[in-house]
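Fit chains Y and P to the known structure of chain C by using the hints.
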Amino acid sequence: MSLAISVIVSGISFGLVIGIVGFGLVFLYKTTGVANFAVGNMAMFETFIVYELWKGGIGIWPSVAIGMVLGGVFALLVYLGALRPFDGRGNSNLLVRTVALYLLLRAMADVFFGSNQPYNFPQLLPHSGFSVGPVDIAWADLITIGIILAIGGAFAAMFRFTDIGLQLTAVSQNAPIARLLGVRVRRLSALAYVLVGMVALVAGLLVAPKQLLSSNMMDPLLLYGFAAAVVGGLTSLGGVFVGGIVVGVVTNLVSTYVGGDLALASAFVLLLATLAVRPHGLFGSPSIQRL
Amino acid sequence: MLAVRARTRVTVPTLVLLLILVLFPLVDDGVRMQSNLTLAMIYAIGAIGLDVLAGYTGQFSFGQFVYFAIGAYVMSALETHAHLNWVLAVVAAVLAAGLVAYVLGSALVRLQHFGSALATFFLAAVALDVLSGNRLARFTGGDSGMAVPSVSVGGTSLMGGDGLYYASLVVLAAGALVCIRYIHVRAGVASRVVKQNQLVAAVLGIRVNREKVRAHVLAGMLAALGGCLFAFSLGFLSPESFDTSQSIDLFAIAAVGGLGSIAGPIVGAAFFFIVTDALSAAAPSSSALLFSIVLLVVVVFFSTGLFGLGEFLWSRARPLLPEALRRRPASPPPAQPRAAADPVAAFVADTDLGTRAGSAGAVLAGGEREALLTVRDLTLAFGGVKALDDVQVSVLRGDVHAIIGPNGAGKTSLLNCISGIQPATDGSVSLGARDMAGISVSSRRNLGIGRTFQHPSLVADLDVRTNVEIGAYDRHDGSILPELLGLPSRRERTRVARRRADEALDLIEFSPTRRAVLAADLTMGEQKQVDIARAIASRPSLLLLDEPTAGLGPEEIGVVARAVKGVREAGITVLVIAHHVGFVRDVADACTVLDFGKVLTVGSPADVLGDERVVEVFVGAGARA
Amino acid sequence: MTGEALQLEDLYVKISGARIIEGLTLHVGPGEIVGLAGRNGAGKTTTLRAISGLVGRTGGAVRLGGRALPAQPERVALAGVSHVPEGRGIFGDLTVGENIRLGRRAAQADGSLLRRLEARFPAVERLRHEKAGRLSGGEQQMVALVRGLVSGPKILLVDEMSLGLSPRALTTAIESLVEIGGSEGIGVLVVDQNSTMLSTYCDRVYLLRDGRAEVWDGSGAASSSYFG
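Residue numbers (numbering that gives the first Met the number 0), protein chains in the order written: chain C, 0 to 290; chain Y, 0 to 624; chain P, 0 to 227.
So here's chain C without its partners, still in its complex pose (with noise of 0.2 Å):
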C-alpha cells in the first residue's frame, strides 16, 4: 500500500513535468492554431545547449539563467524562420512544418552535440527525502511540484492581470475579431513562442537529471503531453495539468504494475478513450472541436 502511496506521489510530480510540456502544446495551439510537434525536441535542444555551457565551465545555475535567455531567443527564431513565413497557408500546412521541425531539432542535436550520447546531466535537485509514517517523499518531487506551480499560477496571473494577456485570451478565442481591435497577432503569436521556449527548458531541465540526456529524451514527454492536453480539453491551459496528473499517475501505476513497455499505451488508450467519450476533455469547451 505504501508502495502505492508513492507510486501515486511521483506520479503527481511527473504528471505536473507532462502537465507543463502539455502546457507548452496548448498554450501554442490557442494562440498559433497549432499545436506545435517540436515543443518536446525544443526542450531537449535548449537543455543541451545549458549542458555545453555547463561544460565550458561556468556553473550549474549561470548556465541554467543564460540557457533561460537563449531558450526564448531560440524559440523565437524557430517561430520567426519556420512558422512565420507564409503563415496564411493553413494549419495543416502548419503542423507539418512543426513535424520537420521536430525531424530538423533532432538530427541538428545529434550533429551539434556529438554521437557520445546519452550525457549524464548535473543533478539539480536534492536527493534526500522524508518520509511520512509509511511513505517515503522526495524533496525533489516536492520541488518540482513548487516549481510548476509557480509557472501556472504566473501564467494565470498575467492572463488575468495584464493587457497582453488579455489580447492573448482575445486572439485564442477569435483572432479575426482580435486583429479588427488592433492586437498585433503576429507579435503575440511571437511572444508565445519566447514564453514556450522559457517553460520548456523548465521541463527539459526537469527531466534531463532523471534519466539521461540524449537526442530523444523527450520523445515520450511529448506524448504524454498530448495525452495530458487531450485528455485536459485541448483548449484549457488548467486542465493541461490536471490532463498531466491523470497521465502521471495512471502511467506511474501501470509501469510498476503491469510493465513499463505499456506505459504508454496506457497514456494512448487513456487519449482515445478521451476522444471516443468525452472529445473536448475534462475542462475543454463542447463548443470547440478542432480535432
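Wrong hints could be hidden among the right ones.
Calculated pairs, DSS-like style, for lysine-lysine (alpha carbon to alpha carbon, straight line, at most 30 Å) [unchecked claim]:
| no. | chain 1 | residue 1 | chain 2 | residue 2 |
| --- | --- | --- | --- | --- |
| 1 | Y | Lys-564 | P | Lys-13 |
| 2 | Y | Lys-597 | Y | Lys-564 |
| 3 | C | Lys-54 | C | Lys-209 |
| 4 | P | Lys-13 | Y | Lys-597 |
| 5 | C | Lys-54 | P | Lys-13 |
| 6 | P | Lys-130 | Y | Lys-385 |
One side of the interface only, derived from the structure: several residues of chain Y facing chain C at Cβ under 10 Å [claimed, not checked]:
| no. | residue |
| --- | --- |
| 7 | Gly-57 |
| 8 | His-80 |
| 9 | Asn-84 |
| 10 | Leu-87 |
| 11 | Ala-118 |
| 12 | Val-125 |
| 13 | Asp-128 |
| 14 | Asn-133 |
| 15 | Asp-248 |
| 16 | Ser-285 |
| 17 | Val-296 |
| 18 | Val-298 |
| 19 | Ser-302 |
Since the hints were made in silico from the structure, they are not lab data. We put the beta carbon where it would ideally sit given N, CA and C, even for glycine.
Below, chains Y and P alone, put in the same frame as chain C:
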C-alpha cells in the same frame, strides 16, 4: 488541408518513372545505387498509399510505418513459427494489416487532421514499445529481434540484389496502378469530395466514414507489402528498424515528393535515399539534418513538392518543344449530340433506376397537388436564442417555393433542419408521408432530398462533369473491389452516372464546351449552376437551394432562373432561399416570408411581395422614429 | 480632435473567383454618418471587410486622410479605423469591461473619451462585470459600439447594425451613434439592409448595386432597387 491540389492525370508521369526504374540498371549497375533505389521503391510503396490517404482523402497519418512493421513481423513470424509458405505469409500479413487499418481507421475517422495526426504519431510510439517489450517476444523476438527466413524465386534470391530490386519494382508498379485506378473510380472521386468538404459529401449521399476507412485500409495494405519487402532487405528484424522517426520520414517523403500526385512520392523516395546516401558518405548524421531542412523548405516555400516543381518546369518548357510533343489542351469530347434534343424529356426519361423516380413522372401526368414537404411546429434554439420559432411550411409537389426574409431570419437554419444537418429542437419534417426524424443527412439524400449551399463547394481540382457525376449515383455503396476491377455491373453504374450528369447539365443549359473545365476555373455563376446540376443529377424529388442568386450579376441570375425553371419542368419540387425579388417573382409558385425565426406570411409571390408588412421587413421600418 | 476622411476609390474585390465589388467609390467625411444599403449578397459586408483588410483587394485604393491603408486588419485598426463586424464580434467569455479594454489602446487611453461614452451608454457602465455572452443582443451591440469607439477612431465601420435588434434598441443605438459621431468628429459608415433607417438618420446613403455604389436620394425608388 495541406493546401495541395490533387491531380487526376497522373498515369503518364507515373509510368515514365516506372520505366526509368526498369531501365536504370542498364545505365548504372553499381551495387550501391541499386540498393538505394531498392529501398526507395520499398518506401515508395508505403508513400503512395499515404498519398491516397493524405493527398486524395485529406487524412493525416504520422504512424504509417506501423503497417510496415505489421507486414514484416507477421510475414516472418508466420514463416518461422507456423512454417507457412512465404507467399501465403505475405498474403496473411497484408490482410492482417488491412484488418488493423480497418479497426484503427474506424476509430480515427471521427477526428480532423490534427487529431488523426496525433493519434497515429502516438500509435507508432506505442507499437515500438510493444515490439521492444516481452509481451510478443515469443513471436517477434522482442528486443533481440528475429531473422527473416530466406526467400527465392526460381533460384534468384529476393533477399537483395537484382531479385529484390525487380520484386520491389513489380510491387511498386502494381501498387501505383491500384492507386491510380482508385483515384479514377467512384470511391476515389468520392474521397476527394470528402477531402473538400465532409458536409457536402454527406449531402451527396457519400458515406463519409466509409470512404475514409477505405483509404486507410488501402494505405495500410500497401505499407504492409512494403514491410514484407523491407524485411527481405533487412534480413533481420529488430524494433529499432521501425522507429517512430521512420513514420515521419515516410510522411516527409510523400510531402517532399508532392502529395496528390502518386508519382510525387516515388520521386520523393528516390530523392530521400540518394541524397541520404550521398551525404552519409561525408558525415553520417548530416544526411538527416539536410533532409529535414529540405522538408521544411518544401513545406514552407513550395508546398506542392518536387512534383509541383516538375509541373512548373514542364509548363515552362512545353512551348519550347516541337509541336508533336506538346499535349494538346483538353478538347471537349466530340459526342454532344443530345444537347439539341429535348433535355427535359431526356432527364425525366432517365429515372428508371431511381427508387424515387416515380414522383417526377406523377406530377407531369397531372397528379393531385398534395404536399411533398411538410414542416410542422419547427423550433430550433441555440441557448436562449430561437433561430426558428414554431415554423410551418408546406411545399406542394411540383412547386417552386421561395423562402424570403431579412438576414438572420432563420432561412438557412430551416434548410439545415430539412436536410438533417441541424437537428431541430422541436417539431417535425416530413417528406411525403415519411417523417424524417432520426434519419441521417446522407440517408435523407437517398430518400430524395437534394440541396446546394450558399457557397458552392465543388471539388476545385476535378472537372465539371466529374463533379456532377459524383452527385449522380443513386447510392454510394458496394464493395470497392468490383470497382477497382471494373466489373460490368460497376462499369454500367458509372456509365449511367456519367449520362445522368450530362443530362442534368443539359437540363440547366450548362454550356457543353465548359464541361471539361476544372471547377477552380469557373465563374461564380457557373459554380452555382454546376452545384444545382450536381444536386439534381440523382433525380431527387425535392431540391433545396440556398441563395442560388447571391453575389451574381443580373445576367447570371437570369441563367440560374432558367435552370430552376428547367428543374421544375422536370418535375422536381424546389424550395429556394432568395433575396432577389425579381428572381422570386420570376420562378416561384409560392412564397413563405420568415422574420425573426417566425413565419410572417405565406402566399403567391404577387400577394406576398405586395404585402405592406413584407416590404417593411425587407426595406426596413424598425427605426422609423 | 481633427477628423480625417475615408475615401474608397475604384475598389475591386474578388472572392474565390466571384467579382463582388467592381469599381466602388465612396467617401466618408469627419463627423459624417453615411449609410451603405443594398440587398443581401450585394457586397456590403465585403466592402467593410475590404476596408479593414479582412479580405484582399484586387484593385483600387482605400485612403484615410489621403494616406493609403494597408490591407492588414491590425494596421488599419491602429491607423484609426474601427470595425464593428457583423454579429458584433463580442468575446462572450470575457466581461464587458474586458471587452472594452481590448478596444482601448494604450496610446489613446486618456480615459475621458471612455467617460463620455459611458455617460452616453449607461448600460455598459452598469454591466461592466457581467460576462458579455450573457447580455441581450441590444446590450451586446452597445458594448460593441463602445469598444469600437473607445480608441478614439477617425472612422467607425458598423456592419448590419439592425441584425437581431428590436426596433427600440435599434433606435437607441443609431441615435447614440449619430450624436457621438457628430460631437467627436468621427466619420461613421453604417451598412444595413434597413434602408429606411439609413435614409432617416444618415447624412448620405449609398446604394450598392452590381458592385458599385451610387448616392441614393432616399426617394421611393427604394423598393424598386431592392425588388428590381
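Verification of the supplied hints:
{"no.": "1", "hint": "Y:Lys-564 - P:Lys-13", "verdict": "holds (29 Å)"}
{"no.": "2", "hint": "Y:Lys-597 - Y:Lys-564", "verdict": "holds (28 Å)"}
{"no.": "3", "hint": "C:Lys-54 - C:Lys-209", "verdict": "holds (18 Å)"}
{"no.": "4", "hint": "P:Lys-13 - Y:Lys-597", "verdict": "violated (34 Å)"}
{"no.": "5", "hint": "C:Lys-54 - P:Lys-13", "verdict": "violated (59 Å)"}
{"no.": "6", "hint": "P:Lys-130 - Y:Lys-385", "verdict": "holds (20 Å)"}
{"no.": "7", "hint": "Gly-57", "verdict": "holds (9 Å)"}
{"no.": "8", "hint": "His-80", "verdict": "violated (21 Å)"}
{"no.": "9", "hint": "Asn-84", "verdict": "violated (32 Å)"}
{"no.": "10", "hint": "Leu-87", "verdict": "violated (30 Å)"}
{"no.": "11", "hint": "Ala-118", "verdict": "holds (7 Å)"}
{"no.": "12", "hint": "Val-125", "verdict": "holds (5 Å)"}
{"no.": "13", "hint": "Asp-128", "verdict": "holds (5 Å)"}
{"no.": "14", "hint": "Asn-133", "verdict": "holds (7 Å)"}
{"no.": "15", "hint": "Asp-248", "verdict": "holds (8 Å)"}
{"no.": "16", "hint": "Ser-285", "verdict": "holds (6 Å)"}
{"no.": "17", "hint": "Val-296", "verdict": "holds (9 Å)"}
{"no.": "18", "hint": "Val-298", "verdict": "holds (5 Å)"}
{"no.": "19", "hint": "Ser-302", "verdict": "holds (6 Å)"}
Hints 4, 5, 8, 9 and 10 from the list above are not met by this structure, while the remaining hints are.
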